Amino acid sequence: MNDALLEIRNLTVRYPGTTAVRDVAFQLQPGEALGIVGESGSGKSSIAGAILKSLGASARIAGEIAFEGRDLLRLSRADHRAVLGRRIGAVFQDPFTALNPARRVGGQIAEPMVRHLGAEPAHAMQRAIVLLRDMGIHRAEEVAHAFPHQLSGGMKQRTLIAAALACEPSLLILDEPTTALDVTVEAQILRLLARLRQQKRVSLLFISHNLGVVRRLCDSVAVMYASQFVELGRVGDVLEQPAHPYSKGLLASRPSLRAASRGSRLSAIQGQMPSAPRPEAGCVFAARCPFAEPRCTGGEQSLILTAPGHAARCWKAKTLGDWPRLAVEGTDLGEFRPGNALVNTNRLRKSFTMRRGMAAWRPSLANRWPRFRYQPTQVAAVDGVSLTISPGEVLGLVGESGCGKSTLGRLALRLLNCTDGSVEFDGADVGRLSGTDLSAFRKQAQIVFQNVGSSLNPRLSVGEALERPLVLFGLAKPRERRQRVEELLEMVRLPASYRLRYPHQLSGGERQRVAIARALASEPRFVVCDEPVSALDVSVQAAIVNLLADLRDRFGLAYLFISHDLAVVAQISDRVAVMYRGRICETGTPAELLAAPRHPYTRLLLAAAADESPTAEPSADIGAGATGCTFASRCPRRLPSICDTTVPTLRPVTSAHAVACHLDPIAKQQCGTIATASIPP
Amino acid sequence: MASYALRRLGTVLVILAVMSLLVFLATHALPASTAAMILGQYSTPETLAALEHKLGLDLPLWLQYWNWLRAMLHGDMGQSLVMERPVAPMLWDAFGRSAILALCAMAIVATVGVAMGVVAGVWRGRWPDHAVSIFAYLGIAVPEFYWGLVLILVFCSTFHLLPSSGIGNLSDGVGSYVSYLILPVITLTLTLLAHVSRLTRSSMAEQLDSMYVKVARARGLPEHVVIVRHALPNAMVPTITVLAQDFGFLIGGIVAIETVFAYPGLGRLLIFALQRQDLPLMQAAILTLTAVFCLANLGADLLYGIANPRIRHGGAVE
Numbered sequence: 020m021n022d023a024l025l026e027i028r029n030l031t032v033r034y035p036g037t038t039a040v041r042d043v044a045f046q047l048q049p050g051e052a053l054g055i056v057g058e059s060g061s062g063k064s065s066i067a068g069a070i071l072k073s074l075g076a077s078a079r080i081a082g083e084i085a086f087e088g089r090d091l092l093r094l095s096r097a098d099h100r101a102v103l104g105r106r107i108g109a110v111f112q113d114p115f116t117a118l119n120p121a122r123r124v125g126g127q128i129a130e131p132m133v134r135h136l137g138a139e140p141a142h143a144m145q146r147a148i149v150l151l152r153d154m155g156i157h158r159a160e161e162v163a164h165a166f167p168h169q170l171s172g173g174m175k176q177r178t179l180i181a182a183a184l185a186c187e188p189s190l191l192i193l194d195e196p197t198t199a200l201d202v203t204v205e206a207q208i209l210r211l212l213a214r215l216r217q218q219k220r221v222s223l224l225f226i227s228h229n230l231g232v233v234r235r236l237c238d239s240v241a242v243m244y245a246s247q248f249v250e251l252g253r254v255g256d257v258l259e260q261p262a263h264p265y266s267k268g269l270l271a272s273r274p275s276l277r278a279a280s281r282g283s284r285l286s287a288i289q290g291q292m293p294s295a296p297r298p299e300a301g302c303v304f305a306a307r308c309p310f311a312e313p314r315c316t317g318g319e320q321s322l323i324l325t326a327p328g329h330a331a332r333c334w335k336a337k338t339l340g341d342w343p344r345l346a347v348e349g350t351d352l353g354e355f356r357p358g359n360a361l362v363n364t365n366r367l368r369k370s371f372t373m374r375r376g377m378a379a380w381r382p383s384l385a386n387r388w389p390r391f392r393y394q395p396t397q398v399a400a401v402d403g404v405s406l407t408i409s410p411g412e413v414l415g416l417v418g419e420s421g422c423g424k425s426t427l428g429r430l431a432l433r434l435l436n437c438t439d440g441s442v443e444f445d446g447a448d449v450g451r452l453s454g455t456d457l458s459a460f461r462k463q464a465q466i467v468f469q470n471v472g473s474s475l476n477p478r479l480s481v482g483e484a485l486e487r488p489l490v491l492f493g494l495a496k497p498r499e500r501r502q503r504v505e506e507l508l509e510m511v512r513l514p515a516s517y518r519l520r521y522p523h524q525l526s527g528g529e530r531q532r533v534a535i536a537r538a539l540a541s542e543p544r545f546v547v548c549d550e551p552v553s554a555l556d557v558s559v560q561a562a563i564v565n566l567l568a569d570l571r572d573r574f575g576l577a578y579l580f581i582s583h584d585l586a587v588v589a590q591i592s593d594r595v596a597v598m599y600r601g602r603i604c605e606t607g608t609p610a611e612l613l614a615a616p617r618h619p620y621t622r623l624l625l626a627a628a629a630d631e632s633p634t635a636e637p638s639a640d641i642g643a644g645a646t647g648c649t650f651a652s653r654c655p656r657r658l659p660s661i662c663d664t665t666v667p668t669l670r671p672v673t674s675a676h677a678v679a680c681h682l683d684p685i686a687k688q689q690c691g692t693i694a695t696a697s698i699p700p
Numbered sequence: 078m079a080s081y082a083l084r085r086l087g088t089v090l091v092i093l094a095v096m097s098l099l100v101f102l103a104t105h106a107l108p109a110s111t112a113a114m115i116l117g118q119y120s121t122p123e124t125l126a127a128l129e130h131k132l133g134l135d136l137p138l139w140l141q142y143w144n145w146l147r148a149m150l151h152g153d154m155g156q157s158l159v160m161e162r163p164v165a166p167m168l169w170d171a172f173g174r175s176a177i178l179a180l181c182a183m184a185i186v187a188t189v190g191v192a193m194g195v196v197a198g199v200w201r202g203r204w205p206d207h208a209v210s211i212f213a214y215l216g217i218a219v220p221e222f223y224w225g226l227v228l229i230l231v232f233c234s235t236f237h238l239l240p241s242s243g244i245g246n247l248s249d250g251v252g253s254y255v256s257y258l259i260l261p262v263i264t265l266t267l268t269l270l271a272h273v274s275r276l277t278r279s280s281m282a283e284q285l286d287s288m289y290v291k292v293a294r295a296r297g298l299p300e301h302v303v304i305v306r307h308a309l310p311n312a313m314v315p316t317i318t319v320l321a322q323d324f325g326f327l328i329g330g331i332v333a334i335e336t337v338f339a340y341p342g343l344g345r346l347l348i349f350a351l352q353r354q355d356l357p358l359m360q361a362a363i364l365t366l367t368a369v370f371c372l373a374n375l376g377a378d379l380l381y382g383i384a385n386p387r388i389r390h391g392g393a394v395e
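For the protein sequence lines, the chains are E and U, in the order given.
In this text, residue positions in the first sequence follow the numbering used here: the first is 20, and each later residue adds one.
In this text, residue positions in the second sequence follow the numbering used here: the first is 78, and each later residue adds one.
Calculated directly from the structure, the hints in this document are not laboratory data.
None of the values given here were measured: they were computed from a predicted structure.
Mixed in with the good hints, there may be bad ones.
Between beta-carbon pairs, the in silico distance windows are [claimed, not checked]:
| no. | chain 1 | residue 1 | chain 2 | residue 2 | range |
| --- | --- | --- | --- | --- | --- |
| 1 | E | 282 | U | 279 | 51 to 57 Å |
| 2 | U | 279 | E | 44 | 51 to 57 Å |
| 3 | U | 172 | E | 370 | 31 to 37 Å |
| 4 | U | 207 | E | 35 | 19 to 25 Å |
| 5 | E | 161 | U | 351 | 58 to 64 Å |
| 6 | E | 473 | U | 211 | 33 to 39 Å |
| 7 | E | 441 | U | 217 | 56 to 62 Å |
| 8 | U | 107 | E | 453 | 23 to 29 Å |
| 9 | E | 160 | U | 387 | 19 to 25 Å |
| 10 | U | 207 | E | 28 | 36 to 42 Å |
| 11 | U | 207 | E | 89 | 35 to 41 Å |
| 12 | E | 93 | U | 215 | 42 to 48 Å |
| 13 | U | 210 | E | 515 | 45 to 51 Å |
| 14 | U | 387 | E | 503 | 28 to 34 Å |
The list that follows gives simulated cross-link-like pairs (lysine-lysine, DSS-like), each with its CA atoms no further than 27 Å apart [to be verified]:
| no. | chain 1 | residue 1 | chain 2 | residue 2 |
| --- | --- | --- | --- | --- |
| 15 | E | 496 | E | 462 |
| 16 | U | 291 | E | 219 |
| 17 | E | 496 | E | 337 |
| 18 | E | 72 | U | 131 |
All residues carry an ideal CB built from backbone N, CA and C; glycine is no exception.
Looking at chain U on its own, in the form it has when it is part of the complex (with noise of 0.2 Å):
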């Protein structure tokens, strides 16, 4: 097992190291200048040239993304260009009010989602299975923020019972800052769901006909304990990694959600500096997300490897 989670570490540590260049490489070739931007209207030839030394723009190309990445490990992420301030603390802030957001919508999902399609995969083929299925497609066949607009119109706009967008305060009281919360976490959740669900249902089904739970019913084990304590866990292996790259998925979805919702979460801070062509927020901001999305990838192997027994107990007993 514990060589099994340092060859995942290495392979996430390798990804980050690739990301890290091509997102350096990509914001290169963008064809706004960092030194052109600070100046603005100032800018001539003569000021350009000098501001470009200073900031080591003349350097060459490795020796530039070699200073960025040292000062990327060390904590500092630079100067935005259109904010002034600093990057790390603002970087952050947003970063942990999507936590929140994501973490929500995966506990959900992951409950929610599982519970469905065990619920699909028992009753196979009968009235719960094909609500699931038809809940589940509604969720994921149109575009995330298409669910947003209608739940904001149902409950903000004719119900008034939520607010529509922004972030509530916690000093107002954890009702005021939940009910801001509400409306993004079930966007997100609804198109996740029917992934899970899916997955869930067919593994479920596929660990209730195997012959193992055969000999389980043959022991006179009540269907309950059968689907509980023998299938389930192993219905669970594959859908535990599917968790994991939903959390990805996720992270896609947070980006459009924030903008519906003007929640101000780092989806919304990466469109802002895209906009903007602020390269060294962009830069933090999509190497951050990268760097999310690889660990939670990594967890997933890691719990992949705890739930699997093949993994986490190597050899023959004999």
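Extracted from the complex, chain E is given alone in its bound form (with noise of 0.2 Å):
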């Protein structure tokens, strides 16, 4: 098989200390594309950077990367970089810092030809607006004369492939390129892959973190552990049937878009992955692994065939049975039932001012003389949001980012005050409350945030932040302090002796089981959990999930859980709120919502998580929605003579299912005065 385009072949990365990538081999044929999937730090990344020769002075690297038939590590500097751009695309995390902010977008495509084709800049220019035509750009004139800080990060990705194709490579190397963006945007950058992938030949490497993703573009998968290939296989082989334990530990951890019962539990992975892993002393995920026997660390493991095209790194990889699913613990404890509310936000607002002090003074040069007038910029980040959560009660909070979900989750704590409206917590408004009133809801009402990394002070012990609130509430006297703490950490499943240790000494899913215990010190009886495992892998995330799904059921605890992620709010829901621009668009119960979904944008993300149907473009023109729908710009059945002058309610489908849409048959039936009189005839 000489034909390959990229042959690597004993490709072996290291750093002081550790092991990146460890006796890597793989080959890529034309117009093929091979996805490789691994946790952070299983060294996917380094994979792409040997190639693109990206790694720094301190890494070593050895074996053969074979591209067209040259061995990319022995090419000169000034040769490889000839391959670099001309040969080989390359296309990013981080759409968001990976554009030269002094450089007009279009420069930007139009270097590499220059650089490369000896391309004329006018006429590089010309192509890069073809080319940014080609990525679905519609005024792509406009964009290409624009500075990066003007586009949205769908666009910023676009011109970034674009400028990656734009000396039309035979390979294109893709690192994480759709994490940082929202869903419905990774569906539409993901179908722009696919689609360029037929027209220009081109060959994907396509490194992710997530399965589904690689699924949706790839041929075939290699599944990257401890620095090793665990598995490699055609993709519908490798997720369909897989056969590394591994493999089938991160496909069974993986939330599925269907509502669970409140038993349920998602299966998680156990422990950690090593961070120098040894595999010369057996295999490196027999630690973690349910199957594992004395056997399995006996010594190295290579990669057997289990199939034609199919090979795994486990030496019982063929007789092993599914990942088995966690018991559901107790009995299940069937739908839930709202009693009275807990939580109750009445109509609430918050407004941020973008633009004031010196810079709300915008001069006019009316009438020969400058005029100043103050016009400070009001934002809604929050706009008229009713929402009500039980004691024990579930509700997820869905959107994209910038939709101002994780605002409300501030408000409703009175971590920020609201502009208008009010929050009740056990009947009680929160904005009225002070001294020790506020004292006692701040008990009640807690957070864990997103960020495991910031959340918590790096000059803190584990158990000096679990002591931090048990002191700011007089909870426990100074002798049973310590003991507390380490019930703290038992009910987060952590031992006792993680008491003495920093933040920096703990993995993301430590660190985020710490801020959860952090919270639950004053035993609150209300949690905001703001994207609590946004920033996690996914076998930590399904742990992590699962903890928050026991602590409920042990303490009876409400949470208003905030996620980007459709499959993971249905799995620990009772209700899910969708949110849009500010207003709540569609509430109801995970199983009615992934159903029967009623509101555009529901039916939206949830395609988008699908990836089943074309979704709507989204448009940034914020202004839009003001008076009406704030949907309609994007709305698929939007109806201007209503959606855009009138701003929809919430209406009763079902008792727990309600739908701000106009056009919505059973709502408005529900509601048919109102609606139709709205319409003209």
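Assembling the complex is the task here: the two chains are given apart, and the hints tell you how they should meet.
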């Protein structure tokens, strides 16, 4: 098979103290798409780094990277540069920082053509505009002359793909290209890549932590764990019949887009990936593997063929059963029955002043003399949201970045003061609390943040961090504090010895456990979980979601569970609210929303998560929808006469299901007079 | 951009107005009275009162300020008490001589300082970086007049290569004129090089670690293109602001340097006025320095706006 476009043999990447990539070998045929899937730290990005020679001076690379018949590792710097951008294009994770902020977008796309193909700058610019149009950008000329800060995230990633494809390379390396984007934008970018692959006959090396994304784009997939490929095969084979225990665990721990009962749990992989794996001492996954037996740690594992074209690094791969489903704890708790409201938000509104102080004085040159007027710009992040949460209930809040879901969470805890409306907690208006009443509220309503790296004080040990709320709320006498800290650690399933550790000595999942323990220290009744698992790897994410569910059942906690991931929300929530640009557009049980979504935006989110039907183009004209439905500018069913002029209110469909859409037939029937009266004949 | 420029200009005008008030009040708080200084030994209570009336010094303070400010705005800076000449022409001559010093120093700092910073940032942790750091710290570690004295010792007293003090005359040829500028300019430069080169180094290093530089390299662009066309424009944005702030620092430095090199500029004139308690000269000199400082900062803000596309081009394109 010498016609392979890219053939990697025995690739090993070492850093001082650790090995990032060990003996990796694969082939990529022209036009083929290979996915490399693994958790953070598995070494998958180091493979791309070795091809692009972007790993830095401390990396030691050995092996062979044969690309179009030449070994890239043995090329001179200049020869290697002649391949980069010309024959190999690369797109990286974060489109927000990957464009040079000081230069026009078009110039950045044209630059490789000028450099590699010797094109005239003006001609290259024309090509850049054509390329942008190819990427599905409508006003390509305008975008080409724009600066990066004037574009949205999806738009930026399109221009970066355009730049990578400018010289018509034969290989495109994609390193987590959609991870930083919203699901609907991700779906568009994936469809774009699939189309480009067909049109331009380009091979893809697609690196991702997300198995579902790989399924949509790739022919074959390699699963990477602790610096090694543990499984390699056709996408269908690996995802339908995973052979290696790690692949099985990874697939099983992914929440599916299905409503789950209260007693169900995700399958999680116990433990964590070793940071300095030693495969010569046995299988690197043995410590976390439910199928492990003494023979597994006897010596190095090699890739064995389990089926034609399907290999796994496990000696017993052919005989393994399914990943064990986690036993449902206790009896099935049945459907949750809401009681009296614990948290009640009433037409909650929060607007931010975008431009104020000196900057709000805008000069105008009317009547020859410059005049200054004070014109602060107001943006409503949360606009008239009414929600209730009962004791012990989990309300999931889903929406894209910037829709106001985090702001809503902070308003509910009075970490921000609302502009209008009110929050009631246990019948008391939170906005009017002060002194001891406010302190009592703070004790009962806590928060867990997304960013596990920065939400713990790096100067405090775990024990000190957990003691803070105990001291603050006077919950334990000095002598009892240590015991209480150990109880809290036990609650989040961390060993008591972690009391003495500092945040930098913990993994991401462990830090989130500490953050949860800290929130629970004051024995709250209500916890806002603001994207608590978004920054975590799939296998860790499952364990944290399970932990939150267990704690809910054990202490009767109510959660406001905020996430952009519909599948995670469906797994843990009793009810889900879908938010778009500051307003709630649909609420209902997960079963109702997943089986019979009524709002076009909910359908869009679901379709994007499942990648089924075409989705509406996102647009960023913030001003639109101020007088009518916020979703109107993206809505495929928009009726200008009403959608642009009247704000839709949430109207019930069933007892738990409500939708804010003028065009919903059932909701319309219920309030027929209002809706039909506004539509002109 | 226009609204940005207008806003900055408005800020500068407010600062200048406030400064003029402060200068006026501060000089009035001095023990010396203008009338007493003019009269000197002939001062008697009667002549003093008569002169104060004639000069308007018996008017309410706000009216005195208003009259003074109005005169200033019309370019009338009053009469020097010690020199017994109008302040304005004296001040402009001195200002011009100082401006030559400052602009020469600034030009060198901007080019050499930025170049040193880029070199240090690109070869981070290697010998060019250490060399630049040591050189920069030597410059900043001691007060500016120290290097002035060292340079005079080396180039004037020991080797007799350059004149140690005073100012050259253009009629003696450009070479002679420039020879008088060399030492003061180098001395001024030494202190500022450290600041600018350290800042450029760290912002260059930050830009070189950024994602878009990684992307530019992945497109196969040669390293010099990555550095000059991609990293440098972004690295320059904070440097430009600091350069303008340094211009203010330079004005402070000029006062000391002009004294060391006996250079007849604005700084020396100010020291003279302060020593002799020449109030009109003092007020005019301080206000001029303030105005230069404010205008330098205004220039910096505008340059910053031009260098930063977020300010130059506002809203989104969708």
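* Violations among the numbered hints -> 2, 3, 8, 14, 17, 18
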